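Protein chains: 2
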Amino acid sequence: MKALALVAVCAAIVGLVVALILASWIKKSDQGTDRMKEISGFIREGAFAFLKREYKIMAIVIIVLALLIGIGLQSVTTAILYVFGAVLSVLAGFFGMNVATWGNVRTAAAAKDSGMNKALKIAFRSGAVMGLAVSGLGLFGLGIVVVCLDLATVVQCITGFGFGASSMALFGRVGGGIYTKAADVGADLVGKVEAGIPEDDPRNPAVIADNVGDNVGDVAGMGSDLYESYCGSIISAITLAAVAAAASGGLFDEATAALFPLIMAAVGIISSIIGIMMVRGKEGSNPANALNMGTYIASGIVVIVSIILSKAMLGSFSFAIAIIAGLVVGVAIGKITEIYTSGDYKSVKKIAEQSQTGSATTIISGLGVGMMSTVWPIICIAVGIFAAYFATETVGTGMGMYGIALAAVGMLSTTGMTVAVDAYGPVSDNAGGIAEMAELPHEVREITDKLDAVGNTTAAIGKGFAIGSAALTALALFASYSAVTGLSAISLLNPIVIIGLFIGAMLPFMFSAFTMNSVGRAANQMIEEVRRQFRSDEGILAGTVKPDYAHCVDISTQAALKEMIVPGLMAIIAPLAIGIILGPEALGGMLAGALAAGVLMALMMANAGGAWDNAKKYVEEGHYGGKGSDTHKATVVGDTVGDPFKDTSGPSINILIKLMTIVSVVFAPLFVAIGGLIG
Amino acid sequence: MKALALVAVCAAIVGLVVALILASWIKKSDQGTDRMKEISGFIREGAFAFLKREYKIMAIVIIVLALLIGIGLQSVTTAILYVFGAVLSVLAGFFGMNVATWGNVRTAAAAKDSGMNKALKIAFRSGAVMGLAVSGLGLFGLGIVVVCLDLATVVQCITGFGFGASSMALFGRVGGGIYTKAADVGADLVGKVEAGIPEDDPRNPAVIADNVGDNVGDVAGMGSDLYESYCGSIISAITLAAVAAAASGGLFDEATAALFPLIMAAVGIISSIIGIMMVRGKEGSNPANALNMGTYIASGIVVIVSIILSKAMLGSFSFAIAIIAGLVVGVAIGKITEIYTSGDYKSVKKIAEQSQTGSATTIISGLGVGMMSTVWPIICIAVGIFAAYFATETVGTGMGMYGIALAAVGMLSTTGMTVAVDAYGPVSDNAGGIAEMAELPHEVREITDKLDAVGNTTAAIGKGFAIGSAALTALALFASYSAVTGLSAISLLNPIVIIGLFIGAMLPFMFSAFTMNSVGRAANQMIEEVRRQFRSDEGILAGTVKPDYAHCVDISTQAALKEMIVPGLMAIIAPLAIGIILGPEALGGMLAGALAAGVLMALMMANAGGAWDNAKKYVEEGHYGGKGSDTHKATVVGDTVGDPFKDTSGPSINILIKLMTIVSVVFAPLFVAIGGLIG
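Heads up: the protein sequence lines correspond to chains A and B, in order.
Just so we're on the same page, the numbering used here is the position in the first sequence counted from 1, plus 127.
Just so we're on the same page, the numbering used here is the position in the second sequence counted from 1, plus 127.
Hints should not be assumed to be uniformly reliable.
Copies of the same chain look alike in the list, so a pair counts if it fits in one copy or across any two.
[As the list claims (entries may be wrong)] Pairs of lysine-lysine residues, derived as DSBU-like cross-links and limited to a Cα-Cα distance of at most 30 angstroms, are as follows:
#1 K577 / K476
#2 K476 / K689
#3 K477 / K760
#4 K129 / K689
#5 K245 / K462
#6 K477 / K689
#7 K689 / K473
#8 K673 / K179
#9 K164 / K577
#10 K744 / K462
#11 K409 / K164
#12 K689 / K744
#13 K673 / K754
#14 K754 / K319
Hint data in this document are derived by calculation from the structure and do not stem from the laboratory.
Since we're looking at a predicted model, the values are computed, not measured.
Just chain A, with the same shape it has in the complex (with noise of 0.2 angstroms):
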């Protein structure tokens, strides 16, 4: 057993140096004019300024939860695994950052001085770098852990390990999504609007905070989440190998059923490498073509090899559906998500074509097409959590949850190139913004821009992986939920389970409206400060006095930094105290509860917000009026609304769901030993 978990922790090894190798590529790039590297130097500043403040609160909340844990469960594994858990998060996001925040400037001067093949190799270099630290410290810490420990305490406190990644995911989503938008809100309605200069215009003094934004929100958080869900499917895969094993019949042994996760996560590890290798542009052709390309080799190469290893390692194929089951949800998700928000089919033209009666016919159809948009997406999840189930079931009655958890793994796999293809798109974002910054020649804004609208559509698969994932490793999660606490049964005809529904239910609806008015609020302050720097100098409008970029940077630090406590608190608070009070069983319906109702939120807000999105642009390019119309105004007004959906409150509900549930399971014994003080 300890030899193969080895050859998982090798594999996240070569993921990492393969991480390093390709970081210290882009570094050795050249980055272009002085003022550029005056402008990336701003934007690290303020990126690592807000790291580094977030990280302090973090480390406070790392010990008093490690406490809590040590103390609550008298578990001092768990309460280690927990800080490893998190730790490695942290370095994950750090790293990853870093090199962006490298990737970005270096990016506009390959666009400058080589053209869009050299731009887009070194963006997407830079996401790639971000997605192998995902992967690979999340696998070299699980690995780690199984390595060093019996399998038993494993099963037993590598909860704890999930719970670590979840709980920094929550801070980094909610705070970067909150950062993120107050930036770009500010900047946008003072400067864009109120004073009519351009998007990225250096007299604005939001514009170094909004470049920040994506590389804390988009880059940085996006990376937090997916390192959660990718930890907690293998988590849940591991903790339901005893259950699959005791129903084998002698099939297989626990061990080989535990281990099975981390190697199919090793395989799409290496996958990913060879994807990110295949990546490469043809001056002329449309970037999307290779970014897709990597994508479907790297998912091709986990189908082989998980039909192999299934029959190898597990003696049937039916594992092997359930991994390809998930990895097809993920796609078809990505692909239903490109559907319903992309300019280039019908419910985007239709918003856009709606906007001519104003505004708020704009919002009608948005929210309209938002609710519609999630159909397809559940029944995809419903019909992959049928089959892997059933598939995995017909193994051994009681195998089913282990196949579900199977299922997340397989979506996750190829978590290396998914967040590389995700991160690729805020890292073109910003050079276009260091572009316009640094006042290069129009055409290398051109090139940034294009790489930056295909990011966004390749963008829309990474958003189906992440709430697909979510849906699943929560649902995964919850199995092992169930098998901690040894319930047989969550009826819903047990009124203590429905009570627990209608309030889980409501769980997401509140998160959202925290999370909607935290970045209302801070983006009030934004606009405040914006103005006044306006007022207070009219040189700085007139391009001959330099704004005070530091100061707005600081506001939406702060802002972010304090607007997460509440959201933050309550994802940690609401299960402990439901399952304090109401006891295990009104705690598994209101996982339940929250997972239907998140998923529906998440699918909801993020499709409505990028469709909003997608529709100005489609005016934008000259439909219905084009720039400056009133059906562009109108379409504005969309775009703002879905800005906090789609990049705050929609992503952060992913993460509501997963660290409810794995707090739930890190305190299930707790709550079983209690067993509700009036439920």
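Using the hints, position chain B against chain A.
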């Protein structure tokens, strides 16, 4: 047993007789000038034209579904009861709306000649006729069924009656909701915004359709909604009586347990009559006090009598606790609704304040308020379920679900009064419209505006009852479903249940998307038509040529009837499909998912819509620049988005969750027999 059932029938007849007396009193009141008679004639004509065509479609639906029941379930009795329940629903809607269209013009006339007090009396009594028709016909029908059939047949077949009520309610709510909002949005966007003429101006071609909409949507639609809940709650209590009686250990027999809810409903009708009689405005005092007084008196009587009857009939005070829990939850949700949607409280003021930075922030903060407003109602529902369940479960294990059904009965016992207060609003609103169109003196409109404003506040309680009762009724019917299917558990650890849960949670989103898009499409047609009329003859806007009201009425009618079909079919087909394909357990999961997500969505949409509406009114009162300011324009956008939220999609979800549950109960034997094709 039959004797007690006859008591209920007699109480129902008393209620209906009082309704007739009130109706003839209203009819005898003065109708005002010839111009007023003419306008009210147009409104009546439009309303009945809609109803007539709606009833034609409903007749087809009734025949098809009756055949489906008769053949699919091989139960002629269920099919007959289905038709009975549906026909009584139609009668209640027809009778109530008829009197409402008498009341509107007479309220205006009274406001002109006799002042506020008389106007209040006529408007309120018009609402009271609807209230007594709904509860009187509901209880009459159910009482007759119990009198005529033996108990075993009643328990087996009476859900058919509820299905009849539900299927009519769906078309009434959805069709009426689409009708009223298409006309409203169309009239406002072209008349008020484009042509700059006031609301209810006779030059606006859509003005009659708008006033018709108040009657078919807010009176008839709302009435059919509460008729459905009213019948559904009593039916679920009757079907759960057998379980309760078996669990009581000989404390009471099944017949007594089945009659208790009927008798409590009878008490509720008599209490409502007393409450209605107590509503007497004093010249110079706030009419809200008179209305609230009536509600509190009716509720107080129910509370006291329930305590006595609970002990006398069922030998324990515990059942009164369940009744009272339901009543308290209804009132509490109403109060919370008021706090989040009234201009007197901080949420609405905050939306108005944030509207200063444009319509995007109006939308963001309104959605935030809507999401946040779900928290306390859900906690109230949870506490109500907890109290009702555990109070009765302590009497005998297995009795708790009957207690939850009793909570729903308790909440709905004063339906007569609740509907009266709710329907009084649109009657006053219509009176104001008639006053405007007949060019009555400004003071008349002031009186009707004041009545309308009070109606908006008191209607919050009605909305609380509508959503709260939908949740409790659906939950009680869900318990009936488990009893009929004989499922001992519907466990969330069964993946097929989770699949059902996901699909169920998705349905309210899909349904809302349908209804919102329907309103959008219908409103667009109306906009085109009003514009066309203005263009075709300049005399219309000059006031020298009468517009073609009938054509606008026709557009709303056609659009509503066409658009209600798809969501209507969806609500009936979804449970049938899941029940047949995936089996009864998956269907249980689906119902729970739809219940939880549906209640949340309904609360969110209704309250966001109400808050936007009142934020606009708050600005119109002179805050933040008042009418015509940019802030006002931003709040108008919020109000326009809120219209389909609060008057179409939100309330329609109430019906969706009840209807899907009752379809499941009715067809449960079929699903059990098939057992799920692939589940």
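Now for the hints, and whether the structure bears them out:
{"no.": "1", "hint": "K577 / K476", "verdict": "within (20 angstroms within a copy, 44 angstroms between copies)"}
{"no.": "2", "hint": "K476 / K689", "verdict": "between (39 angstroms within a copy, 24 angstroms between copies)"}
{"no.": "3", "hint": "K477 / K760", "verdict": "both (16 angstroms within a copy, 24 angstroms between copies)"}
{"no.": "4", "hint": "K129 / K689", "verdict": "neither (44 angstroms within a copy, 66 angstroms between copies)"}
{"no.": "5", "hint": "K245 / K462", "verdict": "within (28 angstroms within a copy, 63 angstroms between copies)"}
{"no.": "6", "hint": "K477 / K689", "verdict": "between (39 angstroms within a copy, 21 angstroms between copies)"}
{"no.": "7", "hint": "K689 / K473", "verdict": "between (40 angstroms within a copy, 23 angstroms between copies)"}
{"no.": "8", "hint": "K673 / K179", "verdict": "within (26 angstroms within a copy, 71 angstroms between copies)"}
{"no.": "9", "hint": "K164 / K577", "verdict": "within (23 angstroms within a copy, 66 angstroms between copies)"}
{"no.": "10", "hint": "K744 / K462", "verdict": "within (20 angstroms within a copy, 43 angstroms between copies)"}
{"no.": "11", "hint": "K409 / K164", "verdict": "within (28 angstroms within a copy, 77 angstroms between copies)"}
{"no.": "12", "hint": "K689 / K744", "verdict": "neither (33 angstroms within a copy, 34 angstroms between copies)"}
{"no.": "13", "hint": "K673 / K754", "verdict": "within (29 angstroms within a copy, 40 angstroms between copies)"}
{"no.": "14", "hint": "K754 / K319", "verdict": "both (12 angstroms within a copy, 27 angstroms between copies)"}
Violated hints for the displayed structure, listed by number in ascending order: 4, 12.
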